[in-house]
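Protein chains in written order, with this note's numbering: chain A, 1 to 111; chain B, 112 to 224.
Be aware that one or more of the hints could be misleading.
From chain B, some residues computed to sit far from chain A (all C-beta separations above 12 Å) [stated by the list, open to error]:
#1 T116
#2 C123
#3 Q156
#4 N164
#5 K180
#6 R192
#7 K216
A short, non-exhaustive set of chain A residues, derived as facing chain B with CB atoms under 8 Å [unchecked claim]:
#8 G43
#9 L44
#10 D71
#11 L90
#12 S94
#13 T99
#14 I100
#15 Y101
#16 F102
#17 G103
#18 G105
These are computed hints drawn from the structure, not numbers from a lab.
Since the structure is predicted, the reported quantities are computational estimates derived from the model, not experimental observations.
Cβ coordinates follow ideal geometry from the N, Cα and C atoms, glycine included.
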Amino acid sequence: SQTIHQWPATLVQPVGSPLSLECTVEGTSNPNLYWYRQAAGRGLQLLFYSVGIGQISSEVPQNLSASRPQDRQFILSSKKLLLSDSGFYLCAWSVYGDTIYFGEGSWLTVV
Amino acid sequence: DAKTTQPTSMDCAEGRAANLPCNHSTISGNEYVYWYRQIHSQGPQYIIHGLKNNETNEMASLIITEDRKSSTLILPHATLRDTAVYYCIVSPRLGGSQGNLIFGKGTKLSVKP
Numbered sequence: 001s002q003t004i005h006q007w008p009a010t011l012v013q014p015v016g017s018p019l020s021l022e023c024t025v026e027g028t029s030n031p032n033l034y035w036y037r038q039a040a041g042r043g044l045q046l047l048f049y050s051v052g053i054g055q056i057s058s059e060v061p062q063n064l065s066a067s068r069p070q071d072r073q074f075i076l077s078s079k080k081l082l083l084s085d086s087g088f089y090l091c092a093w094s095v096y097g098d099t100i101y102f103g104e105g106s107w108l109t110v111v
Numbered sequence: 112d113a114k115t116t117q118p119t120s121m122d123c124a125e126g127r128a129a130n131l132p133c134n135h136s137t138i139s140g141n142e143y144v145y146w147y148r149q150i151h152s153q154g155p156q157y158i159i160h161g162l163k164n165n166e167t168n169e170m171a172s173l174i175i176t177e178d179r180k181s182s183t184l185i186l187p188h189a190t191l192r193d194t195a196v197y198y199c200i201v202s203p204r205l206g207g208s209q210g211n212l213i214f215g216k217g218t219k220l221s222v223k224p
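Start from the sequences and build out the full structure, keeping to the hints where you can.
This is the structure we're talking about:
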């Protein structure tokens with residue numbers, strides 16, 4: 001069966017520091033991969049999606065970037081974090097025509 | 112904005128069926144009804160989805176009205192672990208670049224012993 005893991009689960013970072021959140025999917029090949037951010041009490045905002053290695057599409061302009069160095073690995077990064085980057089970040093995957101499955105999430109607090 | 116309307120909260124006795132309603136009167140012909148749930152501080156969990164026919168899987172059943180303007184998610188034998196916020200979402204079929212999931216406020220289901 002397919003599984004998705006993302007880490008770290010929680011982190012506290014100072015303003016201006018870099019960020020790296022990692023996500024891997026197991027049990028499937030060539031998945032579509034997504035990064036979301038969920039604000040408290042609100043819905044999910046799609047940040048990035050990828051349909052293949054090195055192929056990244058950004059849904060909103062922001063202080064973040066994404067990379068897909070391997071088929072089942074997706075990384076969310078920032079060179080300099082802002083206070084507004086705080087939130088709950090979710091990695092997700094799908095196979096086209098199927099639904100979207102989420103990881104456990106990563107809580108980021110920028111201080 | 113979410114295109115669905117759900118009750119804010121519901122209670123259900125453990126072992127009984129939980130019936131969660133959702134109104135989606137503006138649903139388009141190519142849009143599916145998806146249900147996810149989210150336990151506090153965890154990622155959303157996919158439950159079920161359907162287009163116009165009723166659907167059933169190991170977790171739940173989805174009943175969609177003939178005019179597709181509303182649906183009901185049924186958890187046949189609710190347990191304490193089913194306590195969560197349940198989201199009803201309408202969307203074109205997910206996958207590929209269609210990754211936008213517009214969650215509303217959902218229904219907070221509390222399963223009580």
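Status of the hints after comparison with the structure:
1. T116: For T116/B, whose nearest Cβ neighbour in chain A is about 14 Å away, the distance exceeds 12 Å, so it holds.
2. C123: 23 Å, holds
3. Q156: 7 Å, violated
4. N164: 16 Å, holds
5. K180: 22 Å, holds
6. R192: Since the minimum Cβ distance to chain A is about 16 Å, R192/B lies beyond 12 Å and the statement holds.
7. K216: 8 Å, violated
8. G43: With Cβ-Cβ at 4 Å, under 8 Å, it holds.
9. L44: Nearest chain B Cβ about 5 Å off; hint holds.
10. D71: 16 Å, violated
11. L90: 5 Å, holds
12. S94: 4 Å, holds
13. T99: 5 Å, holds
14. I100: 5 Å, holds
15. Y101: Holds, about 6 Å.
16. F102: 4 Å, holds
17. G103: 5 Å, holds
18. G105: 4 Å, holds
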